[in-house]
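Model the placement of chain B on the given structure of chain A, informed by the hints.
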Amino acid sequence: QKEVEQNSGPLSVPEGAIASLNCTYSDRGSQSFFWYRQYSGKSPELIMSIYSNGDKEDGRFTAQLNKASQYVSLLIRDSQPSDSATYLCAVNPYTGRRALTFGSGTRLQVQP
Amino acid sequence: GAGVSQSPSNKVTEKGKDVELRCDPISGHTALYWYRQSLGQGLEFLIYFQGNSAPDKSGLPSDRFSAERTGGSVSTLTIQRTQQEDSAVYLCASSLGGGAFSSYEQYFGPGTRLTVT
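Here the protein sequences come in this chain order: A and B.
Residues 100 to 211 in my numbering are what the first sequence lists, from first letter to last.
Residues 64 to 180 in my numbering are what the second sequence lists, from first letter to last.
Just chain A, same shape as in the assembly (with noise of 0.2 angstroms):
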């Protein structure tokens, strides 16, 4: 079982329709969890961070935790042709290393 597991994708959605982005989690006791966009032959992009279950919004962004079903998700409103990227999630367990473990990312298209 991989540690952090996304869907490939591609995701494809409307220009202005909501993108829904998930990842699940082996780690029970991670912690820190973080979502980056990834354009093609560009490095990744730090966009939300989560810390504790709930959600969080920052503009078009909510990024959603559950620890108990070890379930993140980034959602994206009003989804614009420019949000057409690789989303990756990204997790650092609790047990003192500061490595982020990726997952292998979800290519989202936006159709304009």
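If you are wondering where the hints come from, they were derived from the structure by calculation, not from laboratory data.
No false leads were slipped in.
Negatives, chain B to chain A, calculated, CB over 10 angstroms:
| hint | residue |
| --- | --- |
| 1 | 83 |
| 2 | 115 |
| 3 | 139 |
Derived list of chain A stretches under chain B, where covered just means 3 residues or more per stretch with a C-beta under 8 angstroms from a C-beta of chain B:
| hint | segment |
| --- | --- |
| 4 | 120–133 |
| 5 | 139–150 |
| 6 | 201–211 |
We put the beta carbon where it would ideally sit given N, CA and C, even for glycine.
Same frame as chain A, but now just chain B:
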């Protein structure tokens, strides 16, 4: 302020040669990380520095890989006797040190694309 910088942006080398990749973290960030991303693959952790020490080297794939950090700032990743499977984008990230959750937020540089021919 300035982000993480890496050099060179691209490096083409012949199999068997040694290469050095450089990373300059965000000013004030005491933690520095190296990852690599192979074509179509996820990010693979290589090594973590806190200050000049490397408490986690668990991701280095072989003894051909080494890294150092001097002055708590610039880091160099060295790959000796390069092999074709070393071809990848090598990414450096930095974060604040300390125990707060926010100190785990890592910011990536633009990467170095290494091609071994």
